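Visitor: Could you slot chains B and C onto chain A? The hints should help.
Chains as they are written, first to last, in this note's numbering: chain A, 1 to 332; chain B, 1001 to 1334; chain C, 2001 to 2299.
No wet-lab data here; the hints were simulated from the structure. Values in this document were obtained by computation on a predicted structure and should not be read as measured data. Careful: at least some of the hints might be erroneous.
FRET-style restraints, in silico, Cβ to Cβ [claimed, not checked]: (1) 98/A <-> 2072/C: 51 to 61 angstroms; (2) 1067/B <-> 191/A: 50 to 60 angstroms; (3) 2123/C <-> 1286/B: 38 to 48 angstroms; (4) 246/A <-> 2207/C: 52 to 62 angstroms; (5) 134/A <-> 2038/C: 31 to 41 angstroms.
Subject to a maximum C-alpha distance of 30 angstroms in a straight line, what follows is the list of computed DSSO-like cross-link-like pairs (lysine-lysine) [said to hold, decoys possible]: (6) 2127/C <-> 2183/C; (7) 1067/B <-> 1144/B; (8) 2064/C <-> 3/A; (9) 170/A <-> 2064/C; (10) 246/A <-> 1144/B; (11) 246/A <-> 1156/B; (12) 1147/B <-> 246/A; (13) 1016/B <-> 1186/B; (14) 1067/B <-> 1126/B; (15) 246/A <-> 1016/B; (16) 1276/B <-> 1310/B.
The beta-carbon is built from N, C-alpha and C at its ideal position, and this holds for glycine as well.
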Amino acid sequence: MVKLIIRRLLFLILVIWAASTITFFIPRLSAKNPVRERFAELARSGGFSPADMDKIIASYSTKFGLDKPLWQQYVDYMSSIARFDLGVSYNKYPKTVMGLIMDSLPWTITLLLVTTALSFVIGNLLGAVAAWPRAPQWVRSFATPFILFQGVPPILMGVLLLFFIAFKLKLAPLGGAYSTGGIPDWSSPAFIWDVIHHQILPALALLLGSVGGWVLTMRGMGVTIQGEDYVNFAEHKGLDGYTIFKDYYLRNALLPQATGLALALGTVVSSAIVIESQFGLPGLGRVLDSAIRSNDFLVIYGVVLFVTIAVATLMVLMEFVYPLLDPRIRNA
Amino acid sequence: MSSPKTMKDSVVLQVKNLQVSYYTDAGRARALDGVDLTLSAGEKLGLVGESGSGKSTMALAMMRMIKPPGRIEGGEVIVDGVDLITISDEEMLKARLSKIAYIPQGAMNSLNPVIRIGAQMMDAIKAHQDQSTSDWVSSAEMEKRCKQALESVDLKSNVFKMYAHELSGGMKQRVCIAISILLRPKVIIADEPTSALDVVTQRQVMETIDRVQDQIGAAVILIGHDMGLMAQFVDKVAVMYAGRLMELSNVREMFTDPKHPYAQALIRSLPNLENKGVFNGIPGMAPALLQLPGGCAFHPRCPRVMEICKKQRPEPTTLPGGRIVECYLYPATA
Amino acid sequence: MASITLTQPEIYRPSRLTLLLGYLRRNTGLAIGLFILLVLVVFTVYGLATADLSDAYPLSVKSKQPPSLEYPLGTDFFGRDLYVAMVVGLKQTATIGFLAGAIGTFIGVVLGFVSAYFGGWLDLGIKSICQILTPIPALLIQVIIAGSLDKRDVTIYTMAFVVVLLAWMGPTLVIRAQVLTMKERQFVSVAKLSGMGDLGIIFGEILPNLLPFIAAAFVNQVFIAVYASFFLAVLGLGPLREPLLGNTIWAAQTQSAFFNNWWWWPVFPAVALVLILGSLAFINMGLDELANPRIRRAE
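Okay, chain A solo, but in the shape it has when bound:
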């Protein structure tokens, strides 16, 4: 057991190392030096006190250390990451990158959790039913539109939803976390409903495309499970279709899907971020988007790094949940 934990932790560390290294090298690969240019541009436009400029340059020096030898830069970079110091945003100075992330995180997390959970439940159920020959055809055909939607990237879905439902039908707001002019008051149910109302379209945009993936994988899993002897024997025992579906088929097919959950979270994150910026939600997406627009490098890399670490950690955590669900692993 201890060996397992150590192995998983090692995995986590390696992922973090890989992600950090990748984000370290990318800006250095391009021929021109965007940082220098940016600073030159800044210097021309002014607006920063000399003291502030020094602080920013110092922070950037640590990250980019452009005058130091490469290996030195790498070491500095890695050590600052280990200290959870992702640097300072120069666009939103003096906010630190970590600070920006933390502020926006709750919004992103809610959106992600809700959509992933819903997507998982709906998708797997549909997939299970789609592979079940005794389910009526019309129920099984429910799966088809979702499979088709898989081809619609959330961004497009967002555009279409925005256009048809928000703009034409005026059923949902055009964006933002809550109605403009509203003062955040988390104790008032009206406010909470307002927030939820604003989350519906972005959630749908994410949901509709991701359900299809679960449907397909679950269907494949379902078919394999159906061929198993114990499902057959359950029928020999005279159990009715519903019981077999629930206890013999679903329970066994769902287990491997759980491992895919953490991975799914990782892929959904990228789309979620874009959706957030599209709908103007104050989550990580907006942070990343404005960073890309203003070339605020540390923020960009910080966000990517943070997301990677979060996903990897989740994956490792899932590995510990799995034995709780599968008695075969529990006792081994």
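Guide: Just chains B and C now, with coordinates in the frame of chain A:
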């Protein structure tokens, strides 16, 4: 190993003219082509034949578990007075396990890995709740029944709480046997229950089946191709070939004096301690079910083939003593 | 033992074409996917053969025209004939898709196979690298890469390259898993026993069985490539001059096309993209059935 004579008089299973076909891209394969059988309570029938002869299809058809592209095309399977082919789907669900039970081949994977053994036994009883026993049975009562069943197959009652992966192959097989007797069915089909087991465990399992069958007075159909096992266990032997029943005799007669040429070839091919080193096979190959030879299915390989064998399928003839043969060598005496 | 002549009656063997069509009828997913793909291909090829391809670039024709007989898909703000733009865009998307897809699949097959077949440290190494790279959000990294590149360096080929960079792990792991199961299965041992050399086993026994999985991996890779390149383009990170589908939509978004009532501008590329990805998804589903015979239903 024999059952009391008094039980032998009640007929519990009657199969009449059972026909099953599989429809594939390449055509129609007749897996069962008119099979007739009768069994009385307490009787043990061994069903033997090569791969593809139709024995497993028989089992599935009797449980009405033939799935597309297969189809039951005709015939009757009457268990305890009820024709299983014609009853509704719901009634068939109830009939399974309570009237006719099935012990699967290779129990390695027949038990649900994520539910405890006890739960798997209980859900079988629960599914038949308002039907098999007269009134509603409490959970405690059901649990008691399950544990009794476990004990009757020589397993400790703590198996009730275990998971499938904690049991050995032989134990899993015995759990399946226990499940099959939970509702005291009239007919038990054991589909090669010992092929995946070592010889010692085989004996254990067969003795268990024998014992429980005695206890509840069920009829057993043992499907397999291990003739030695048949010789030790069953009362009657039925030989199948290409979806047809070639011969049905009692075990002693089948081994000492088989009538059908195919049965004779089978018996002759059994390794003999006195004749070491001499192997008698059966020349030729079993026909593909997609295109059966006309007339008697065995005629291309039969050493005593006659002209009429090629043209018309022989009718089953009943010989003195109750033996049934499907062969022109034994014409029906009016 | 008397000699016996066996009578072999004539077997009805349906022609290959009949079997294929029959299968397609049952495997509707595959049929639909292939059909849509066929339509797209025909459209593109016809367009490439008949239209003046320079019209796909700005300042070629009258701008902001709604769909009409002269301009079947309308024109955009910059003066592109959107029909021609669609044709060229489809071709380019196909190029990226197939290029990245092929490379990704090839890497996956080679690495996955080598890893599983030879085992040991090699397997551990390859498997670990794949597993470690998987949690890294590929799309985000691609955003950074594309964003760091000089705008002039971004072409369809660099896009394909960027896309493949973090996509090859999937097929590697899948092929590896399949080869591992095959290694254990009887037919490989039998082949070895009958004296077949390693190469013979690889090409004669294992590869043929891998084909459905390789096909599925390829389709999947093409899907990922098209998706990722679209993702990048729609964020404005693609080769902006080219009429890639994503580019068109990005351009439409920046010019507030919907709100200016130039609906045709983003809608047609959107539909086209949905068709492409949808058809790939259906084909993938169909191949799923092919590889997993139990999903197949006869009759």
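Visitor: Each hint needs a verdict: does it hold in this structure or not?
Guide: Each hint, compared with the structure:
1. Look at residue 98/A against residue 2072/C: about 52 angstroms separates their beta carbons, and that is inside 51 to 61 angstroms.
2. Look at residue 1067/B against residue 191/A: about 56 angstroms separates their beta carbons, and that is inside 50 to 60 angstroms.
3. The supplied range of 38 to 48 angstroms is met by residue 2123/C and residue 1286/B, whose beta-carbon atoms lie about 44 angstroms from each other.
4. Take residue 246/A and residue 2207/C: their Cβ atoms lie about 41 angstroms apart, and the range 52 to 62 angstroms is violated.
5. Under the hint 31 to 41 angstroms, the C-beta atoms of residue 134/A and residue 2038/C, about 34 angstroms apart, fit the expected range.
6. For the hint linking residue 2127/C to residue 2183/C, the alpha-carbon distance of about 17 angstroms falls within 30 angstroms, and the restraint holds.
7. The hinted pair formed by residue 1067/B and residue 1144/B fails the criterion: a straight-line CA distance of about 35 angstroms is larger than 30 angstroms.
8. About 65 angstroms separates the Cα atoms of residue 2064/C and residue 3/A, which puts this hinted pair outside 30 angstroms; it is violated.
9. For the given pair, residue 170/A sits about 27 angstroms from residue 2064/C by alpha-carbon distance, which is consistent with the 30 angstroms threshold.
10. A C-alpha spacing of about 25 angstroms is found between residue 246/A and residue 1144/B, which places the hinted pair at or below 30 angstroms, so the restraint holds.
11. Distance restraint check for residue 246/A and residue 1156/B: the Cα-Cα separation of roughly 29 angstroms lies within the 30 angstroms cut-off, and the hinted pair is therefore satisfied.
12. A hinted pair counts as satisfied when its Cα atoms are at most 30 angstroms apart, and residue 1147/B with residue 246/A qualifies at roughly 25 angstroms.
13. Note on residue 1016/B and residue 1186/B: the hinted pairing holds, with a Cα-Cα distance of about 18 angstroms set against a maximum of 30 angstroms.
14. Proposed proximity of residue 1067/B and residue 1126/B is supported: the alpha carbons are some 25 angstroms apart, at most 30 angstroms.
15. With a CA separation close to 37 angstroms, the supplied pair residue 246/A and residue 1016/B exceeds the 30 angstroms bound.
16. Proximity of residue 1276/B to residue 1310/B is assessed by CA-CA distance (about 36 angstroms); at most 30 angstroms being required, the pair is judged violated.
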